[in-house]
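> Spelled out, the chains give:
Number of protein chains: 2
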Amino acid sequence: MYNIIDGGVCAPQGFLANGVYAGVRKNPNKLDLGLIYSDFPCVSAGVFTLNKAKAAPVIVSQDKSKKGNIQAIIINSGNANSCTGELGILHAHQMANKTAFKLKIDPLNVAVASTGVIGVTLPIDKILSGIDQITHKLTKNSQAASQAIMTTDTYSKSIAINLKICGKNITIGGMAKGSGMIHPNMATMLGFITTDISISQEILQYTLQKVNEDTFNMITVDGETSTNDMVLLLANGLANNPEINSIKDPDWKIFYQGLKYVCQFLSIEIAKDGEGATKLIEVKVTNAKNKEQAKIAARTICGSPLIKSAVHGEDANWGRIVNALGYSGIDLDLNKLSVSLEKLNLFLEGTAIQFDEIEAKNLLKNKTVNIYVNLGLGDGEAVAWGCDLTNEYVNINASYRT
Amino acid sequence: MYNIIDGGVCAPQGFLANGVYAGVRKNPNKLDLGLIYSDFPCVSAGVFTLNKAKAAPVIVSQDKSKKGNIQAIIINSGNANSCTGELGILHAHQMANKTAFKLKIDPLNVAVASTGVIGVTLPIDKILSGIDQITHKLTKNSQAASQAIMTTDTYSKSIAINLKICGKNITIGGMAKGSGMIHPNMATMLGFITTDISISQEILQYTLQKVNEDTFNMITVDGETSTNDMVLLLANGLANNPEINSIKDPDWKIFYQGLKYVCQFLSIEIAKDGEGATKLIEVKVTNAKNKEQAKIAARTICGSPLIKSAVHGEDANWGRIVNALGYSGIDLDLNKLSVSLEKLNLFLEGTAIQFDEIEAKNLLKNKTVNIYVNLGLGDGEAVAWGCDLTNEYVNINASYRT
Chain E
24 MYNIIDGGVC
34 APQGFLANGV
44 YAGVRKNPNK
54 LDLGLIYSDF
64 PCVSAGVFTL
74 NKAKAAPVIV
84 SQDKSKKGNI
94 QAIIINSGNA
104 NSCTGELGIL
114 HAHQMANKTA
124 FKLKIDPLNV
134 AVASTGVIGV
144 TLPIDKILSG
154 IDQITHKLTK
164 NSQAASQAIM
174 TTDTYSKSIA
184 INLKICGKNI
194 TIGGMAKGSG
204 MIHPNMATML
214 GFITTDISIS
224 QEILQYTLQK
234 VNEDTFNMIT
244 VDGETSTNDM
254 VLLLANGLAN
264 NPEINSIKDP
274 DWKIFYQGLK
284 YVCQFLSIEI
294 AKDGEGATKL
304 IEVKVTNAKN
314 KEQAKIAART
324 ICGSPLIKSA
334 VHGEDANWGR
344 IVNALGYSGI
354 DLDLNKLSVS
364 LEKLNLFLEG
374 TAIQFDEIEA
384 KNLLKNKTVN
394 IYVNLGLGDG
404 EAVAWGCDLT
414 NEYVNINASY
424 RT
Chain S
24 MYNIIDGGVC
34 APQGFLANGV
44 YAGVRKNPNK
54 LDLGLIYSDF
64 PCVSAGVFTL
74 NKAKAAPVIV
84 SQDKSKKGNI
94 QAIIINSGNA
104 NSCTGELGIL
114 HAHQMANKTA
124 FKLKIDPLNV
134 AVASTGVIGV
144 TLPIDKILSG
154 IDQITHKLTK
164 NSQAASQAIM
174 TTDTYSKSIA
184 INLKICGKNI
194 TIGGMAKGSG
204 MIHPNMATML
214 GFITTDISIS
224 QEILQYTLQK
234 VNEDTFNMIT
244 VDGETSTNDM
254 VLLLANGLAN
264 NPEINSIKDP
274 DWKIFYQGLK
284 YVCQFLSIEI
294 AKDGEGATKL
304 IEVKVTNAKN
314 KEQAKIAART
324 ICGSPLIKSA
334 VHGEDANWGR
344 IVNALGYSGI
354 DLDLNKLSVS
364 LEKLNLFLEG
374 TAIQFDEIEA
384 KNLLKNKTVN
394 IYVNLGLGDG
404 EAVAWGCDLT
414 NEYVNINASY
424 RT
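Protein sequence lines correspond, in order, to chains E and S. In terms of the working numbering, the numbers along the first sequence are unbroken and rise by one, the last being 425. In terms of the working numbering, the numbers along the second sequence are unbroken and rise by one, the last being 425.
It is possible that some hints are incorrect.
Any copy, or any two copies together, can satisfy a pair, since identical chains are not distinguished.
[What the hints assert, rightly or not] In the SDA-like style, the derived pairs of lysine to any residue whose C-alpha atoms are separated by at most 25 Å in a straight line are:
hint, residue 1, residue 2
1, K163, D272
2, K49, D356
3, K366, T144
4, K149, G37
5, K191, Q224
6, K89, Q228
7, K359, E372
8, K314, H159
9, K390, E266
10, K149, I291
11, K75, G399
12, K384, N414
13, K90, K127
14, K49, I376
15, K75, L400
16, K390, N313
17, K366, S422
18, K388, N414
19, K149, Q280
20, K384, E415
21, K233, I291
22, K75, G352
23, K160, Y178
24, K127, K366
25, K160, L386
26, K75, P273
It is worth saying that the hints were derived from the structure and are not from the lab.
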């Protein structure tokens with residue numbers, strides 16, 4: 024597979040980052056402002072939430088992303104700057120403008136992201152002072168930045184890998200945060216990817232969208248598509264490979280697969296660290312009528328609170344899987360349907376199997392629970408990731424705001 | 024309003040019921056077999072789950088319901104007879120046939136319903152012996168029958184009301200059960216309505232479908248549309264009113280409103296007693312673009328685990344309501360949107376209100392939490408009912424089968 028290296032979003036050449044405490048969050052031990060910066064111009068790609076109540080930073084960054092030259096991203100946690108009206112838009116612009124001024128780059132090339140509570144005015148003065156601090160000491164260490172974007176995540180999520188293209192060393196780095204209000208629709212709750220590959224903006228955008236469909240868009244924690252979902256991908260070309268400007272270029276596939284690996288890694292990390300989660304659930308659906316139906320099936324199973332609770336209780340209640348398939352809206356023929364837990368058959372072409380309950384329980388004790396569904400109808404397949412539903416999810420969300 | 028009377032499904036003239044322990048459930052203190060019977064022929068109406076993995080009793084009863092003369096309903100709890108293949112269909116027929124034989128009526132006029140665990144073969148011998156018992160002592164007391172259909176419900180749900188039509192006393196009785204896998208799509212997890220009104224089968228079916236859309240189809244406990252959802256309505260004509268055979272008949276509206284009252288009462292009872300619930304959530308959406316969008320909006324809010332958790336924690340986190348509206352798919356203009364808790368404004372035409380947190384908390388302490396959403400776009404309105412999400416939901420469903 025891939026050569027996984029340290030450094031996260033700072034691993035590719037030319038990328039720097041930092042994270043500070045600006046005072047948005049109450050707890051001064053938690054960083055709340057992060058910055059990612061390429062000291063070389065970039066082409067960029069982005070995918071954004073389809074939630075109609077888009078947060079101010081999504082509106083502002085989506086607009087800037089069209090030009091495709093994002094070179095710096097300023098991100099705060101603790102406040103989503105969502106449902107904050109015209110003032111929220113102004114604040115998002117102020118964040119970008121101040122960052123651009125300090126970095127001496129065009130404000131059009133600075134994206135903004137926010138995550139946290141919805142509907143509260145951003146403490147903009149604290150953030151602007153924070154931007155003075157954060158731009159002062161940019162480093163090749165991505166750790167503070169990846170910590171600064173966390174909300175209820177229990178750990179920060181980063182990865183970097185190396186590829187070879189035409190003898191050149193290409194690096195892709197990424198970071199992301201979850202971990203509630205996670206049911207991405209075109210993007211997830213903040214993912215940032217950096218790379219030093221040389222690639223055209225058009226192909227970069229195409230590649231991100233394609234990869235996003237099979238990675239970030241295939242996770243769910245609680246079925247809640249957020250107002251702030253965003254994935255940004257910055258490429259500064261410093262690897263000096265011949266520029267990729269067609270998907271027919273054999274190098275494109277190498278990059279595509281590497282990017283998919285990075286995004287899939289971060290997606291799984293988000294699902295695994297879903298609010299209150301103790302287990303990762305991976306659902307693989309095969310032989311659906313088509314790929315679209317396979318995706319719906321896999322994601323419906325991952326999203327079912329009854330299945331999530333049963334996995335938490337280590338109870339092989341496969342009837343709930345059949346039930347979820349039944350209401351998912353996909354084509355279903357029970358006589359062709361099979362469901363298994365790892366290699367243990369539970370339901371085989373319409374017939375309930377007398378399986379070994381102890382073996383099933385043991386498989387469910389694993390940190391990763393693999394559910395396989397064969398629909399027996401066509402050649403569509405998809406994988407989705409989710410997590411178990413626990414008391415802790417309720418506890419976290421009963422008192423999130425107060 | 025209506026004159027609420029005792030007697031549940033036995034309140035209308037000619038209806039008898041019983042409930043016994045047949046041995047399907049492990050606990051002999053919980054009844055598990057119920058019977059509703061009219062000793063006079065009926066016209067009947069039914070609505071059934073749209074889940075594609077329909078349980079055997081749904082397939083069998085839906086077929087019989089087409090003829091529209093259901094006169095007896097035999098129901099077991101403890102086993103859903105779902106995903107049980109051809110044997111399950113045979114068992115459902117055996118239940119109906121034995122009941123018909125004992126009651127000396129046509130088997131085509133006996134419906135079957137089941138609720139409980141999915142994918143386990145029905146202990147048919149125990150049920151057939153139970154049918155011997157249950158048909159032996161039919162009474163005008165509906166209590167045992169309404170208890171026999173319970174699964175995780177904490178109490179049995181019944182109601183009966185009186186109406187006057189052309190000087191005749193009309194009675195409508197009903198019973199229902201919840202309380203998990205509740206997100207009805209054309210029907211709910213077992214509702215049975217009886218009435219002595221004289222009405223044509225065609226109008227009865229039309230009326231049930233219409234009422235169902237605004238009542239049972241507007242509740243959600245966990246977003247899980249079950250394989251066994253079913254509502255049956257039996258009318259035996261013993262009230263002797265002039266037969267209603269047109270919706271233009273002014274008497275039809277009187278019946279329609281009474282039936283809606285009964286179904287709404289039972290729907291609210293199911294939502295209130297959702298698995299682990301401590302509070303009923305009632306969401307009223309007004310000024311949506313149209314009625315369909317109002318329904319989607321109300322139901323999406325009721326179904327959001329983040330909103331359900333916040334209500335449980337008595338936290339007026341209105342941002343989650345806006346977020347849910349944003350991903351619901353309806354038309355949304357934040358500048359026209361208002362959200363309130365009872366009469367307390369939280370978000371008014373695009374602007375967050377500095378509301379009194381203590382007042383909000385007090386409103387959220389109520390057993391019924393009323394959320395009002397004004398979309399400011401059209402004249403569509405709808406009400407949906409749900410419940411809070413608690414640790415107890417997870418506890419119940421982590422170990423339901425084992």
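> Which earlier hints turn out false for this structure, listed by number in ascending order?
When the structure is compared with the hints, numbers 1, 2, 4, 8, 9, 10, 16, 19, 24, 25, 26 turn out to be violated.
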